[in-house]
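Novice: Each chain, written out:
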Amino acid sequence: MQVQLNTIHKQFGSLVANDEISVQFEPGRIYGLLGENGAGKSTLMKILSGYQQPDRGEIVLNGAAQHFASPRQALAAGVGMLYQEPLDVPVFTVLENFLLGRAHDGERPQQSAKALTQLAGRYGFQVDPHEHTRELSMGERQQLELLRLLAGGAEVLILDEPTTGISAEQKDLLFASMRTLAREEGKTLILVSHKLDEVQELCDYAYVLRKGRLVGGVQLPCPNQELVDLMFDELAPRPARRQPASGDVLLHLQHITVRTPRLELEPVSLQLQAGQVLGLAGLEGSGQELLLRACAGLLPLSGGSLRLGGQPQPDWDYPRARQHGVAYLAAGRLEEGLIAGLTLTEHMALVSNAHGLLVDWPQNRQLAAQHIATYQVVGQPESYIENLSGGNQQRFLFAMLPQNLKLILMEHPTRGLDIRSTDWIWEQLDQRRAQGTAIIFLSADLDEIAARSDQIAVFSGGRLLRSVPAAETTADELGHLIGGAL
Amino acid sequence: MSLSKTRLERVWPLLPGLAALLVTTLLLLAMGTSPVDAYSAMWQGAFGTSARVYSVLAFLVPLLLAASGLLLTFKAGLWNIGIEGQIIMGAVAASWVALRVQLPSGLQIPLELLAAMAGGALWAALAGVLKTRGGVHEIFGGLALNNLAILFTNYLIAGPWQPPEGGSFRGTQPFGAHALLPLFENSRLSLLSLALAIVAFAGVALVLTNSHWGLRLKALGQNARSAFLLGVSSNREMLLAMAVCGALAGLGGGVRVLSWFDSLRQSISGGIGYLALMVVLLAGFRLVLTPLVAFFFSAVLNGSITLQLRTQLHSALGDILTGVLVLLVLLFGNYERVRRAFRRRRSQADG
Amino acid sequence: MHKRLIVLLSLAALLLAACGGAGPSGEGFTFGMILVGPQNDHGWSQAHYEGGQYVVENLPGAEMIVFDLLNPADKPEATLEGVVDEMVAQGATLIFTTSDEFEEDTTTVAAKYPDVVFVNVSGDDALTGEAPANLSNVMGRMEEMKAIAGCAAALTTQTGQLGYVGPLINHETLRLTASAYLGARHCYETYRGESGDDLQFTVSWIGFWFNIPGVTSDPTEVTTNFLDTGVDVVLSGIDTTEAINVAGQRAAAGATVWAVPYDYLGACDNAPAICLGVPFFNWGPDYLAIAEAVVEGNWSQSWLWNGPNWDDLSDLDSTSVGWLNGPGLSEEAAANLADYISKLASGEVAVWTGPINLQNGTPYIAAGAVGTDEEIWYLPQLLEGMQGPSQ
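Top to bottom, those sequences are chains A, B and C. Just so it is clear: in the first sequence, position 157 is 157 by this note's numbering, and no numbers are missing. Just so it is clear: in the second sequence, position 95 is 95 by this note's numbering, and no numbers are missing. Just so it is clear: in the third sequence, position 207 is 207 by this note's numbering, and no numbers are missing.
Don't read these hints as lab results, they were simulated from the structure. Note that the structure is a prediction, hence the values are computed from the model and not measured. For glycine and all other residues, C-beta sits at the position ideal for the given N, C-alpha and C. Treat the hints with caution; some may be incorrect.
Pair by pair, the computed Cβ-Cβ distance ranges are [to be verified]:
1) 355/A - 217/C: 33 to 43 Å
2) 233/B - 366/A: 19 to 29 Å
3) 129/B - 261/A: 56 to 66 Å
4) 374/A - 129/B: 39 to 49 Å
5) 387/C - 173/B: 25 to 35 Å
6) 340/A - 233/B: 43 to 53 Å
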């Protein structure tokens, strides 16, 4: 199916997300949509998939102009989008999710299950129709969502950052299926990504957006530098990593255990020095999240002890952790961290710790404007946080962190962020490290863990498998470790 | 397309009002009454004489107080259905002072009003504690506490506070004149209570637009999890919002016994709390609209008394009119806001 | 209900024809009728409403303005004063306020409108002298009718257990409930030959004159509870018809139970087959007399406590209170009941004949003595032999 987007314009308040963008996608080909965070990629694709409506401009499929009021209408017309977080219902079974929102009158469950397994088999996916979706890994949920879109009649498939949080094998499988879909079945595929290597590996052609505008289209493969030049005005070289300040022991965990209904963390003992970075590696749900949240006081310890700066902390909880200079940044920024419906200024006022009764709005607006400038956030003090791109939300989260922290705990600190934002964030963290702030983070990006950590702890099945100095391992080795192939 | 949409959005708020007018007009025609006569009867009943206007204002006072309190709890994402019981317990506490304390009016009345606020606040805090400590949803806790407040009133009226000549279960013996709010021109309107209601609303407006506390409530209401992670002590703020709302509702209950009635009666509130919930929903949680809608409700309900007497139509016509209006507004007008509020509730319930 | 209404209307038409327009004309006369409950409750409020309709039928040209459900639970925004203001503005010169809930407020507004006649049911301000000159009280002398109701129940019960669904506790309800017990006990001994001590008579107070969800006990549940614990005849003392409704449902399901409703002539219609009869108020004649006096300008203040027309307890043109046998009453019981009624009428038997002890054992009326009006009116508690709270 041929897709034309003609002069698409979309504005959120004073923020122009898409500025008169016109692009064209041909059937049987795989397109890359590149751009740094906030460039307008996600907005453009949400418009194409019916999730948002443009202020101006039109969508033309095979020569016919379309108007989508909902994703469902878009799918009915043949456009399906696979989101970073698949839109499945965790308590449903695989089959129920597969059938969700689809007319399947008169079809018996066995027939539907058979249809599902057959369709899955065509792309080498293995699914159990009766398993609960919440038991699936991110990669498997993605496969299910893809199958659902295909069964719903999708001729155009949009994949938004599909490779974060899935294993190497799942990524290979996904790319193979995308090639099959384009080359053999004549579908139109669009890959939204900021990972240049992936786009080079998979795509035939790439469109590059910058600050809401289309800045170019490139036949692939091409030299990486050409893409980088299009994506960024200028890119500062990655600064050399500062040496860890060898400090006193800041955090001391002794045989701590954490129990949740779904997973139990077996005893972990660790020491972390001021200024040190500990990376936690493992497939999602291997126990590293439990450790991080227990350190933040968000999950109670079911055993063992936690010492901070030499002091035992028997009644460790989140408010106490905050008092002691521990900060926590969760993966879901708009779920745990930022507040949709509040402006940037309101966020500043909320965390300002001012003691007066009334809010000094001019002062907070000024403060927000300062942070916007310092942290290079694309947005205005009056912008609602949910209208910022993911990368800018993350920047703003960092902007709200207090000074002089002892420990920063982070889940996926750079997930979905482009190279420049990622470098920028680690540069910020590096500065804090130099002041003695210790960092614990978990990431699905093994390169990031290998490159940014001083010490690496590898988790599998609720167990700390191994703790190694970063200098003694590689991302490759980590990849094998987390798969349990030891 | 986008242009016509904004024009539609601009007239959208007027639609439910017009639709409600249409529906009620059809209803009146179906009952064989001239709508013009009916609406003029309502107008007369609400504003026809100065006595009617005073009655509208007197009924407005507790309604506005309760609605102002609800603006706070709704902002914090709480459905304080227990407001009805908070009004009642405010009335009970004010009655306790009125019956048991003998002071000059200048001291007696402030003490009664403070007791009313404390009574309502306590009852609301109870619902808050049930939620924060016991994990009981404020809707269920609130409903249970409403019934308990009614039972408690009945016990007091039938038991320890019954008039010396024997209980008729109607109410306690009338309070002394020194314990009652001064009334304006033989009406049931106390100008002091009206002033207090206006001050209370202005205070709530200031809190919600300009205070740190109001901002924390907003954060809590929009996303309790994030607010907690950003350092908002959710339990404390929720309790505080409930308590302040309860204090305002309780003040309304106190006004009810000290001016509308002259004693503690059974059904002292008679659903004013639920009416206040409808007011805030109809106003779409918007500050400016809330007192206007509360005034409108009071006028419609007072007007419907005259409507019933003139037309001899069904006695629930006034309730039907307001009910239709709220339903239509929820269906068309503020549906986006309400939907968001509900979605918020749901995501909190999941988390 | 409609059957009764037709009977009532045709009676009224007959009367009109007979009188040939001899009565005063109601042209231009407007009166107000304020009800505490709904006007179609088949109970207390409907009895008043139909009393008002009786006035309209018999006083040609008279107009009635009705306001029902005036209570703070149903209409927190309405006040008696506001309603009266509007009625007076519409030209009402006579206003009935038909609940003792309205007693205090009626006295207040009567002072505000000295040219309007007020009638409060069932206060006693006109008796005690607290009322302004334009306020009367009316109440039906229901005690004997309640005794007849109790008698009908005692003549019918097979388990020897009677249940009484009471409203709230005050002098009026205590004496009416006690009257029903005295009638029941008398007939249980006299006609059934049993010992009065074997008759179980239980009172359950719901807390108000009608069900207010969340405020009162639910009369439906109270009745159900009675029938589940061996009671086979329920008597109602409340304004509404839950007792007969529940008993009717039970009977339809095969149970052997009966009911005696209250207040309204047509209340048996809710479940005729198991209705033993109804003690009812017939406000029409008293209301008509008052309305005629107001129209003719010779009204004067009074405290009316009118009894039945003993010659015909169901003559709607003359009796203030009455008793109507229900289809559920057996022939044998009806005969015994007729005997009891004739003895009450002749004065051979008095309901309140001693010895009568209060529930706590205190002697109240000595053996052989008959209670005075005052003793009956101000009965302080239930009687010995009755089960249920006295306060």
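Novice: Against each hint, give a clear statement of whether it holds in the structure.
Specialist: Consistency of the hints with the structure:
About 53 Å separates the C-beta atoms of residue 355/A and residue 217/C, a value inconsistent with the hinted range of 33 to 43 Å. At roughly 27 Å, the beta carbons of residue 233/B and residue 366/A sit within the given window of 19 to 29 Å. For the pair residue 129/B and residue 261/A, the supplied restraint of 56 to 66 Å is violated, since their beta-carbon distance comes to about 26 Å. Between residue 374/A and residue 129/B the CB atoms are about 43 Å apart, so this pair conforms to the stated range of 39 to 49 Å.
Our hint of 25 to 35 Å for residue 387/C and residue 173/B holds, since their Cβ atoms are close to 30 Å apart. Residue 340/A and residue 233/B have their C-beta atoms about 21 Å apart, which leaves the hinted 43 to 53 Å range violated.
Hint violations for this structure: numbers 1, 3 and 6, all remaining hints satisfied.
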